[in-house]
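Taken in order, these protein sequences are the chains called F and S. Quick note on numbering: my numbering labels position 42 of the first sequence as 42, and the sequence is numbered without any gaps. Quick note on numbering: my numbering labels position 79 of the second sequence as 79, and the sequence is numbered without any gaps.
Just so you know, not all the hints are guaranteed correct.
[Said to hold, decoys possible] Part of the chain S face toward chain F, derived, beta carbon under 8 angstroms:
{"id": "1", "residue": "D3"}
{"id": "2", "residue": "L5"}
{"id": "3", "residue": "L8"}
{"id": "4", "residue": "E9"}
{"id": "5", "residue": "V13"}
{"id": "6", "residue": "A14"}
{"id": "7", "residue": "A15"}
{"id": "8", "residue": "A16"}
{"id": "9", "residue": "S17"}
{"id": "10", "residue": "T253"}
{"id": "11", "residue": "I356"}
{"id": "12", "residue": "I363"}
FYI, nobody ran anything at the bench for these hints, they're computed from the structure. Just so it is clear, CB atoms sit at the ideal spot from N, CA and C, and this is done for glycine as well.
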Amino acid sequence: MADDRRSDCQLLSAVRALDGEAFGAFFRRHRGVVLAFLATRTNGRDVAADLLAETFAAALSAVRDESRALPDEPIAWLLTIARNKLIDSIRRGRVEQDARDRLGFEPLVLDDGDIQRVDELIDQTDLVTTLAGRLPADQLVALRARILDERDYPEIAADLQCSQAVVRKRVSRALRTLRGTLEAPR
Amino acid sequence: MNDFLDRLEKQLVAAASAPRHATPACQARHRRRNLRLPLLAALVLLVSATIALASSGLLAGSPVPASGPANPQAGEGIPVAGGSRLLSLRVADPEGGPPWGLRLIHTTRGLVCLQVGRVEDGELGELGIDGAFHDDGRFHPLPASELPTDSMSGAAANSSCVLAGQTFEGTIDGIDRSAASTASGAGPAGAPESTGSPGPTGHRRAISYGMLGAHALGITYDLGAGSRTATVIPGSGAYLLVEAEPSTQPGETYGGRRGVDAPNALRPTPSGALSAISYRFGAKVCSDGTGVPSANRCPRPAGLPRARPPRLANLHRPVHVTLEIRHGLIYGAELEFTAPYAVTSAREGYGIAMPISGTGDTIGGSIDHDIARGAIVRDRLPYVFANTPVGRSQLIEVLFTSSPTASDIEHPTGVIIGTATIREPPGTRPALPPVPHHARPGVPPPVSPPGLRPTP
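Could you put the whole structure together from the sequences, leaning on the hints where they help?
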């Protein structure tokens with residue numbers, strides 16, 4: 001399938017106009033990075049796949065909600081949704097499927113071929129490289145350390161040779177970017 | 001290639017292409033403007049004298065079975081004796097038959113609930129049609145002593161509960177005309193078994209209902225036939241609207257907003273079929289929302305509080321935590337503390353908070369039952385290290401919050417009872433949460449390790 005050349009924001013705007021294929025293009029473009037994000041934090045590819053489906057279903061519901069603004073940084077917004085879903089799944093001990101239920105999706109069933117496909121997609125995706133194309137460098141470094149690697153501020157500050165206050169500020173800015181103008185659904 | 005990614009993409013594309021359906025309550029107003037399906041019928045409110053419906057003469061069936069064990073001291077509690085009252089409000093169904101109505105219920109935990117159903121011979125109930133109750137064609141009363149589980153959380157299909165003094169407006173989209181819900185875990189035993197498909201699409205209903213409080217005068221609504229106004233039931237401010245569900249998407253969805261019936265308070269924002277709500281505060285009549293009936297806007301707070309919540313006082317009471325370790329794996333922890341305050345209703349409660357390292361977020365839960373002052377409280381925290389970086393400690397806070405009066409509901413008072421910090425003992429590591437088998441048809445659920453309760 002040919003790549004859609006529209007920007008993320010153009011794709012999401014088209015989804016608002018009920019262009020379903022636009023969301024398909026959005027999904028193909030970002031499924032790898034979301035899977036890569038989830039796979040490093042979950043126990044098993046099937047859990048990551050389950051969370052991937054719930055994340056995109058929640059994102060679609062949010063985009064179709066005309067009372068919400070569309071996100072400034074869709075990829076960052078997607079990762080925030082994924083992170084929220086991940087936290088919820090850990091808290092509840094299972095992956096919720098509320099968003100998929102609301103959309104009437106079929107239950108997710110994975111076979112060995114699907115798991116292999118997940119592995120391939122994760123292997124093909126460099127999460128940090130992808131994010132690097134979207135965030136300013138200093139924010140990316142701080143965000144990567146704080147959110148993706150979960151290191152402490154003093155540790156990061158020592159690595160970056162700057163004060164903890166600077167690290168906190170960069171992370172805060174990056175998180176604001178992540179959240180965009182749209183509250184990410186939980 | 002047709003792997004799960006392709007299948008998922010197809011479902012996403014199909015859902016994205018479908019006409020917009022109001023799942024959250026805040027979307028419903030948009031949906032009303034875009035209605036393409038003819039609305040079969042609609043009717044509002046009011047007192048039964050305004051609506052004349054012939055008795056349908058249905059035979060009485062067995063009462064709707066309870067959805068679970070009732071506990072007067074936990075969750076929503078149970079209806080207090082003599083605390084349930086069928087409101088006089090009757091609304092016709094688009095296809096006729098027994099009208100729809102509301103029951104007002106006061107519970108043992110200080111909650112006020114509204115329950116929606118069909119009305120026959122002065123009783124609220126459900127119909128044996130569309131697969132419910134084996135299509136016996138009978139009327140099945142909802143016992144006044146029963147409340148569906150999880151009413152307060154919104155998971156229950158046909159009722160909503162709020163604290164006395166609170167108000168709400170809510171929507172139920174997609175419920176079957178039988179009034180029997182198929183919501184997972186919330187439906188009565190007589191409901192259709194095929195969850196998510198409660199019957200033919202044309203037989204599903206979109207319900208808007210609420211309890212707007214003693215100051216509420218009326219509502220402005222649009223069910224596809226233009227804007228109309230109607231008064232609400234004096235005292236409770238209850239209203240009910242019923243229309244044919246315009247969406248063809250399966251399943252039931254719920255929306256709603258809570259508020260406080262007072263000037264300068266956060267009242268429920270009109271949504272769903274509602275466009276405006278009018279109130280009388282003293283000598284002044286005003287409206288929330290858009291359009292008539294009053295050009296005067298009701299006073300509202302300038303916005304949601306933006307400031308961080310105040311730092312809570314800490315009583316520094318002892319909090320004991322015992323890790324559940326088996327074969328070197330930490331499956332959870334049992335927390336124990338002595339309750340310095342009593343919990344006698346849903347207005348008070350103890351909670352557990354665990355800050356997530358590095359995120360600024362906090363996860364936790366509530367201990368949702370009555371507790372005597374001085375009682376030993378125990379609570380299990382499954383997978384307590386799930387959010388803790390390897391080798392780091394995890395802080396656990398025990399909180400107590402209270403909303404003694406209606407004016408406190410928006411800003412409950414709180415205090416930290418005590419804290420505990422736990423670490424992984426040498427030679428152990430956290431057990432990982434179970435793989436979600438629930439999504440795989442035919443695969444049995446995982447077996448919990450011996451001695452562990454199911455994960456909430």
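Hints, one by one, checked against the model:
no.: 1; hint: D3; result: holds (5 angstroms)
no.: 2; hint: L5; result: holds (6 angstroms)
no.: 3; hint: L8; result: holds (5 angstroms)
no.: 4; hint: E9; result: holds (5 angstroms)
no.: 5; hint: V13; result: holds (4 angstroms)
no.: 6; hint: A14; result: holds (6 angstroms)
no.: 7; hint: A15; result: holds (4 angstroms)
no.: 8; hint: A16; result: holds (4 angstroms)
no.: 9; hint: S17; result: holds (3 angstroms)
no.: 10; hint: T253; result: holds (6 angstroms)
no.: 11; hint: I356; result: holds (7 angstroms)
no.: 12; hint: I363; result: holds (5 angstroms)
Consistency note: the structure conflicts with none of the earlier hints.
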